[in-house]
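**Q** The chain contents come next:
There are 2 protein chains.
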Amino acid sequence: MKTAIISTGDELLRGVVADTNAAWMAGRLFERGLRVERIEVVGDDMEALEAVFREAFSKYDLIFVGGGLGPTGDDMTAQAAARAADLPVDRRDDAVCSIRAAFERIGRPMHDVNLKQADLPRGCRIIFNEKGTAPGFVLAVPSGTAYFFPGVPAELEAMFLDIEQELPAVAEGARRRCVSCFGIGESDMQARLGGLSVRYPDLSFSYRASFPQNTLTLLGGDDERLDEAAEEVRKLLGHCVLEVGPHPVSVPEALGRALAERGMTAATAESCTGGLIAHSLTEHAGASAYLRGGIVAYDNAVKRSVLGVSGDDLLRYGAVSRPVVEQMARGVAQTLGADWGLATSGIAGPDGGTADKPVGLVHMAVWGPGGMRHKERIFGGMGRSRVKKISAWTTMWMALRALKNEET
Amino acid sequence: MKTAIISTGDELLRGVVADTNAAWMAGRLFERGLRVERIEVVGDDMEALEAVFREAFSKYDLIFVGGGLGPTGDDMTAQAAARAADLPVDRRDDAVCSIRAAFERIGRPMHDVNLKQADLPRGCRIIFNEKGTAPGFVLAVPSGTAYFFPGVPAELEAMFLDIEQELPAVAEGARRRCVSCFGIGESDMQARLGGLSVRYPDLSFSYRASFPQNTLTLLGGDDERLDEAAEEVRKLLGHCVLEVGPHPVSVPEALGRALAERGMTAATAESCTGGLIAHSLTEHAGASAYLRGGIVAYDNAVKRSVLGVSGDDLLRYGAVSRPVVEQMARGVAQTLGADWGLATSGIAGPDGGTADKPVGLVHMAVWGPGGMRHKERIFGGMGRSRVKKISAWTTMWMALRALKNEET
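From first to last, the protein sequence lines are chains A and B.
Under our numbering, the first sequence has 260 at position 253, and the numbering climbs by one with no breaks.
Under our numbering, the second sequence has 375 at position 368, and the numbering climbs by one with no breaks.
Same shape as in the complex, but just chain A (with noise of 0.2 angstroms):
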């Protein structure tokens, strides 16, 4: 089944919007095992529309339209995929009916402008919006199925659910690996799988960078071959893989995972990071159960008085030193009862990095039943959010590997 997604409005040719309703109604046709060939997005201009469109409708089986279904002048996406199917448009009464439903139900009063909505190409199927005014439609044209989602998010996932039962599934097309790594890059990873593909010439191998992760998804063959090959990465990978699994994993969810499994609590004591391991792990339902909470320590004076750190050694060594983050990593899981603490302290910059202690410098430290683990690095020229967030992820990185007995 050929399949491509067409999203219109010039504000995604002005970059105000990424364009979200590709990547989702992609990824819901990729679980499905259809396959889009192609995204498209094209501005408000009708000429254009009706050029996408005619070639949309004599290549592919499958097209889904995002956008363009609203009352104003901008709003021609009917008109355009009208012309492009050479029929006429009519006002529709099913579509009429609709829009006035739909201000009822939102207790507005109906303009005359609204009706325009109602004018759709001869032929369609309505689509029903439980959401908002405008109705989708579903058109058959001469290579396929065309179907027309307003470009509102909420509206078009609620319209593309009703009519999913309806579209074609290849089973095949869902069965993958994800193998979620940390600690690797991309092309270290490459490098260590080396010739494997070559040995799974039935499977297809695809690298996802999303910072500081990397996933390699495996595609295709079945379910033999695929727990196969997973195994192979895994041990050419070692201890940089945090899990192999249907959806690619996050530091801080595996962590979380593992914590509740165990029974366990943490607890959080964050200097450069600022906030962002406990907002990471507060991220998934059920963070409750096993984060106590945390201190962000963001001045030296708090970092004395509420993590107990001592000053002499916040002056001997500095904020940015071992002896500091891990009496901050021990002290925070003591103040407030948890059974393990982890702590950063690092300079994240742009500024305030000397010839001894450059931007970019960061200490991290995990404290447990296993004891005291330490690691400083230099995460050097990424940038403020940058350093934040791979220091974030080490030290939860770092957690997971203690909890579960390993080294880091």
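You may find that some hints are simply not true.
[Unchecked claim] Computed cross-link-like contacts, DSS-like style, restricted to lysine-lysine with a CA-CA straight-line distance of at most 30 angstroms:
1) A/K382 with B/K138
2) B/K66 with A/K66
3) A/K396 with B/K364
4) B/K364 with B/K242
5) B/K364 with B/K396
6) A/K123 with A/K138
7) B/K66 with B/K9
8) B/K364 with A/K138
9) A/K9 with A/K66
10) A/K364 with B/K138
11) A/K242 with A/K382
12) A/K382 with A/K411
13) A/K9 with B/K9
14) B/K396 with B/K242
15) A/K396 with A/K411
16) A/K364 with A/K382
17) A/K138 with B/K382
18) B/K9 with B/K242
19) A/K396 with B/K396
20) A/K382 with A/K396
21) B/K66 with A/K9
22) A/K138 with B/K396
23) B/K396 with A/K66
[What the hints assert, rightly or not] To give an idea of the interface, some chain A residues facing chain B are shown, with a C-beta separation under 10 angstroms as derived from the structure:
24) N28
25) W31
26) R35
27) F37
28) E38
29) A92
30) G245
31) G300
32) G387
33) K395
No lab work stands behind these hints, which were simulated from the structure alone.
Built from N, CA and C at the ideal position, the CB exists for glycine as well.
Following the hints, put chain B in place on chain A, whose structure we already have.
**A** Showing chain B alone in chain A's frame:
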């Protein structure tokens, strides 16, 4: 100037990630008055890539390509571009240098597989990559010039900025006023601004939602007209306007700046937001001047022991209540020695709600020189991550208003 963006990568067609690179580049180009006509997303498929490049190389003056310059087998942008431009591929010494330098910077060994990144279309010009290993390149094509960047956002952005001054600029395109707002929806904004666009037909009104903020950008005209219109918008939207300026401004950024200007400090006591307030404030350089630190008080014991919240009140009113969140705000300011205390306590979900206290219920408090401010809201049905974000933003906005002695 006919301009197009091409993004490559199977992960974009599988819905793994949204195409933020294209949006980012489109935004920068728009700043220069260059309007992107088309964005295309193609998978890692040699034939498809070659076909898309061949069409683009005959049609557009400026072509920007992101992705597919990595060392792995599914990276085939350079090869496909060479084919589409009917050029041979050479191993480039300057590119080899650039790759070697990258590995020296990060202190990792270079593998032979990385040299593939130096195989580029004959006659192209290298764009040095300071953040990663893959060099970019610029290629003269029949219809104009094509720029190729790696797909890692930080690398693409840095390299785009490097070549940006080479691009033509259409000055009028960059003239604008961004009205950054908080606490008002897009349709309410449009309703309140009603006929304003009719009285300013020379300006374009462009709305952008970036949860939980909205920005109205006024474009075109001259500075006088823009200032006049921006002033009217400010009056009509009242205290929902955060700032009017050349760029959108976020609530944490505005709060940080307001604190710095007054030489004041803040501290955070976060329950349901889990560290997000502290994290957002510390994303901006110079945060150490105004953020003393924060307490993530996920567990009630932490609320008692570290923040001094009354155990009786926790029992009587529950953690998600006005007395508790107010004690948290005052407690953290006093404990960490800050002028201002910001506190949140709520039920982020998806579990933990009751009939009395549903998922999405959040109490927020700000304590400071002007006394205590409190808000109770039910942020229903938006999901855990969004409840965290809108609660964090609302609390920071309350602090910003308090700081300016304005009502909330």
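**Q** Of all the hints given earlier, name the ones this structure violates by number, lowest first.
**A** When the structure is compared with the hints, numbers 3, 4, 18, 23, 29 and 30 turn out to be violated.
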